[in-house]
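Engineer: Listed here are the chains, written in short residue letters.
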Amino acid sequence: MMQYKTVSEIHDAFDRGETTPSALTQKFLDRLKKSDHNAFLTAIDDRALGQAKAADEVIRTNGGKVPRAKMPLLGVPMGIKDALCIDGVRTTCGSKMLENYIPPYTATAVARLEAAGVISVGKLNMDEFAMGSSNENSAFGPVLHPTHRDRVPGGSSGGSSTAVAADLCFAALGSDTGGSIRLPASFCGVVGFKPTYGRVSRFGLVAFASSLDQIGPLTHSVEDAALIAEVMGGFDPKDSTSNPASIQGLAAEAKKQIEVKGLRIGIPKQYFIDGIQAEVREAIESTLAELTRRGAKLVPIDLPHTKYAVSTYYVVAVSEASSNLSRMDGIRFGVRPKEAMEADSPTEFYKRVRKNFGPEVKRRIILGTFALSSGYFDAYYTKACQVRRLIRQDFENAFQQVDLIATPVSATTAFKAGDKAKDPLQMYLTDIFTIPASLAGLPGISVPCGQDQAGLPIGMQILGPRMEDVRVLQAANLIERIHGGKA
Amino acid sequence: MVEVNEALIRKVAELARLECSDAEVSEYVRSVGDVLGYVAQLEEVDTKGVEPMTHGVDFVLRARADVAEAPKFTADGKPKVLSAAPEVLYDGYKVPQVL
Numbered sequence: 001m002m003q004y005k006t007v008s009e010i011h012d013a014f015d016r017g018e019t020t021p022s023a024l025t026q027k028f029l030d031r032l033k034k035s036d037h038n039a040f041l042t043a044i045d046d047r048a049l050g051q052a053k054a055a056d057e058v059i060r061t062n063g064g065k066v067p068r069a070k071m072p073l074l075g076v077p078m079g080i081k082d083a084l085c086i087d088g089v090r091t092t093c094g095s096k097m098l099e100n101y102i103p104p105y106t107a108t109a110v111a112r113l114e115a116a117g118v119i120s121v122g123k124l125n126m127d128e129f130a131m132g133s134s135n136e137n138s139a140f141g142p143v144l145h146p147t148h149r150d151r152v153p154g155g156s157s158g159g160s161s162t163a164v165a166a167d168l169c170f171a172a173l174g175s176d177t178g179g180s181i182r183l184p185a186s187f188c189g190v191v192g193f194k195p196t197y198g199r200v201s202r203f204g205l206v207a208f209a210s211s212l213d214q215i216g217p218l219t220h221s222v223e224d225a226a227l228i229a230e231v232m233g234g235f236d237p238k239d240s241t242s243n244p245a246s247i248q249g250l251a252a253e254a255k256k257q258i259e260v261k262g263l264r265i266g267i268p269k270q271y272f273i274d275g276i277q278a279e280v281r282e283a284i285e286s287t288l289a290e291l292t293r294r295g296a297k298l299v300p301i302d303l304p305h306t307k308y309a310v311s312t313y314y315v316v317a318v319s320e321a322s323s324n325l326s327r328m329d330g331i332r333f334g335v336r337p338k339e340a341m342e343a344d345s346p347t348e349f350y351k352r353v354r355k356n357f358g359p360e361v362k363r364r365i366i367l368g369t370f371a372l373s374s375g376y377f378d379a380y381y382t383k384a385c386q387v388r389r390l391i392r393q394d395f396e397n398a399f400q401q402v403d404l405i406a407t408p409v410s411a412t413t414a415f416k417a418g419d420k421a422k423d424p425l426q427m428y429l430t431d432i433f434t435i436p437a438s439l440a441g442l443p444g445i446s447v448p449c450g451q452d453q454a455g456l457p458i459g460m461q462i463l464g465p466r467m468e469d470v471r472v473l474q475a476a477n478l479i480e481r482i483h484g485g486k487a
Numbered sequence: 488m489v490e491v492n493e494a495l496i497r498k499v500a501e502l503a504r505l506e507c508s509d510a511e512v513s514e515y516v517r518s519v520g521d522v523l524g525y526v527a528q529l530e531e532v533d534t535k536g537v538e539p540m541t542h543g544v545d546f547v548l549r550a551r552a553d554v555a556e557a558p559k560f561t562a563d564g565k566p567k568v569l570s571a572a573p574e575v576l577y578d579g580y581k582v583p584q585v586l
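So the protein sequences, as listed, match chains P and A. To convert, note that position 370 of the first sequence is 370 in this note's numbering; the numbers rise steadily by one, no gaps. To convert, note that position 37 of the second sequence is 524 in this note's numbering; the numbers rise steadily by one, no gaps.
Bear in mind the hints are in silico, worked out from the structure with no lab data behind them. Bear in mind the structure is a predicted one, so any value in this text is a computation, not a measurement. Hints should not be assumed to be uniformly reliable.
Stated by the list, open to error - Chain P is faced by these chain A residues, among others (derived, beta-carbon under 10 Å): (1) Glu490; (2) Asn492; (3) Ala503; (4) Glu506; (5) Asp509; (6) Ser513; (7) Val519; (8) Thr561; (9) Asp563; (10) Ala571; (11) Tyr577; (12) Asp578.
Stated by the list, open to error - Quick list of in silico lysine-lysine cross-link-like pairs, DSS-like style, CA-CA up to 25 Å: (13) Lys498(A) - Lys422(P); (14) Lys567(A) - Lys96(P); (15) Lys355(P) - Lys498(A); (16) Lys498(A) - Lys351(P); (17) Lys420(P) - Lys307(P); (18) Lys559(A) - Lys338(P); (19) Lys559(A) - Lys238(P); (20) Lys581(A) - Lys338(P); (21) Lys238(P) - Lys535(A); (22) Lys307(P) - Lys535(A); (23) Lys581(A) - Lys351(P).
Said to hold, decoys possible - If you want the ones that stay clear, here's a sample from chain P, every Cβ over 12 Å from chain A, calculated: (24) Glu9; (25) Asp12; (26) Asn38; (27) Asp87; (28) Thr241; (29) Ser242; (30) Lys256; (31) Glu285; (32) Arg294; (33) Ser311; (34) Arg392.
A virtual CB, placed ideally from N, CA and C, is assigned to each residue, including glycine.
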C-alpha cells in the first residue's frame, strides 16, 4: 500500500526530504511496468522522468519546500486515460483505429495539470472509444480488477480505477459519458468525480458523445478529486461548450465542513428498486442512517422519467458517436492499411479502413446511423432529445425540495468478467443509476461506502444541481469521514 | 416499432461505411434488435410540445476568433501536425487517389 493518502501528504514528504518527485515517479513507473493488470497501454518513461527532474529542481530552488500555491500538484504522478491527447505520446483511445496515432498537441486538462506540476506516468487502458461498462471492449485486452481478478474493474475508465486502486499511479484522469468515471470508481473502491458538464474543457479528449462527455479525476480522496478538478477546470476558449464561470476556490471550499443539520438529501424511489444486491442496499442505507443521525433530512423524491434514461442515452450517445467517429476515415484520422490504398472506390477505401473498429463500436455506429437516418430521425433522435429534457426537468423539480440526491452507483458490486459481454442490452443497463445525471449534465461523485461479503467495494453516488460541484464534494467528504477516511 | 432484419443492418452498415461479415450481420440483427426493442419504450412518453435538448449546456455555443496559431515544428524541422497523418509525402498528408 502506498504510504501517502493525499497530495498534501506527498508534499509534506517532499518538504521533509523523505522522498523526491524523481524517486516517487520512478517508484510508480516500476510498479506500473511490473503490474499484470493491463491497466496501462503506454508508459511515458523519459518524458515523466524529465518532468520529475524539473519538479526536483523547483523544490530545490524554493528552499527545499513545495511552492504549493503556485504548483499545487507538484511531483504528483498521474495516469491519463488514453482518450486524452498528450503531445508526442501515442493516444489510442483503446482502439486499433488509433493504434499509431501520435497527437501533435496536448489536451487542455492535461496541459493545466502538468503546468501545476503533475507528472504523467502513462496512458491508461479503456474500453474502445470509451464504449463499455466493464473494460472488456479494449482492442488491447481487458483490464483486471485490482483485487479480484475474476471481476471486471468497470468501464470505460477501468484502467484509471484499477491503476489508482492498485497504486500504479497516485491519481488518474478518466472521462464520463454515461458513468464511465463513477462506475469503475465504485467497482474498484476509489473516489470518482464527474464535474458539471462544461466545467472541464474537452479540448484534446477524443470525442464519443460531445453533449455528454466530461473529464474528471479518480483519486484516493475527495480532497484530491477537488484539487485536480480545480486545477484542470475552468473556462477554455478551445471548447465551445466550456462554462465561463470561474472554478477557482473549488478545492478550498470543498474542504469546508458541510452543514449537516437540516441538509435535505433526496432519495429517489426509482433508484432503490428490487434487484439491488442486498449488501449494496445495506451499505447505502446505513450511510444514510448515519447522515440522519447527524442531522440530515432524508426526503423521498420522484424522478418519474428515470426508467427511460437508458433508452434515451442509447439513442443520444450512439447518434453523437456515429457522427463523431465519421472522422475515423483513414484520411483525417485512423490507420490506413495497405489494402485500403488499393481500393477502387472511396466507399471501398473507407470500409477497409473502418474494419479496424471493434464489434461494440461498430454496433453503436450502426445504432447511431440508424437513429439519424432519414425516416427514423424524428422517431428516435428527436424523441430521445425530448425525453432527455424531461429527465433534466425531473432533477430540476427535485432540487426545488432537496440540496443533494443520494443513490447507489450500481445495483451490484463488480460482476464477473464475461458475465455480460455477450448481452449488450444487459451491459447497457449496468449504467442505469449513472446515466440520468449525465443526460442532465449534473455533477456526480462515487465515494466508497463499504464492501460486500466477497470484499468487493460499494460506491455511493451523490448528485447535485448544475454548478453545485462544491456541495457534492463537501457531502462526499463527509461520507468519506463517516467511513473512516480515504480509500 | 421497426423490424430489425438483415436487410436493414446491411443498409445502415453501408451508410456508415462499415463492412460486416454474415456472422456480424446476424449478431447485429439480434443485439441491435434487442436494443431498439428496449428503446421502443420511449414511444409511451408524452413529449408533445417538449423542446428537444440537443446540447449539454444552456448558453449559446461560442466560437473563438478565427486566428491561426503559429505552426509547430518537430526537432528536425518537420511540421508537427504530420505526426497525425496516416501517410506522409513531402511534408504533406498523403491522400488516396480518387480520380
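Engineer: Evaluate each hint against the coordinates.
Structural biologist: A quick look at each hint next to the structure:
no.	hint	result
1	Glu490	violated, 12 Å
2	Asn492	violated, 12 Å
3	Ala503	holds, 4 Å
4	Glu506	holds, 4 Å
5	Asp509	violated, 14 Å
6	Ser513	violated, 13 Å
7	Val519	holds, 6 Å
8	Thr561	holds, 9 Å
9	Asp563	violated, 13 Å
10	Ala571	holds, 6 Å
11	Tyr577	violated, 17 Å
12	Asp578	violated, 14 Å
13	Lys498(A) - Lys422(P)	holds, 24 Å
14	Lys567(A) - Lys96(P)	holds, 22 Å
15	Lys355(P) - Lys498(A)	holds, 17 Å
16	Lys498(A) - Lys351(P)	holds, 14 Å
17	Lys420(P) - Lys307(P)	holds, 20 Å
18	Lys559(A) - Lys338(P)	violated, 29 Å
19	Lys559(A) - Lys238(P)	holds, 17 Å
20	Lys581(A) - Lys338(P)	holds, 13 Å
21	Lys238(P) - Lys535(A)	violated, 36 Å
22	Lys307(P) - Lys535(A)	holds, 19 Å
23	Lys581(A) - Lys351(P)	holds, 18 Å
24	Glu9	holds, 36 Å
25	Asp12	holds, 38 Å
26	Asn38	holds, 25 Å
27	Asp87	violated, 8 Å
28	Thr241	violated, 5 Å
29	Ser242	violated, 9 Å
30	Lys256	holds, 28 Å
31	Glu285	holds, 29 Å
32	Arg294	holds, 34 Å
33	Ser311	violated, 4 Å
34	Arg392	violated, 6 Å
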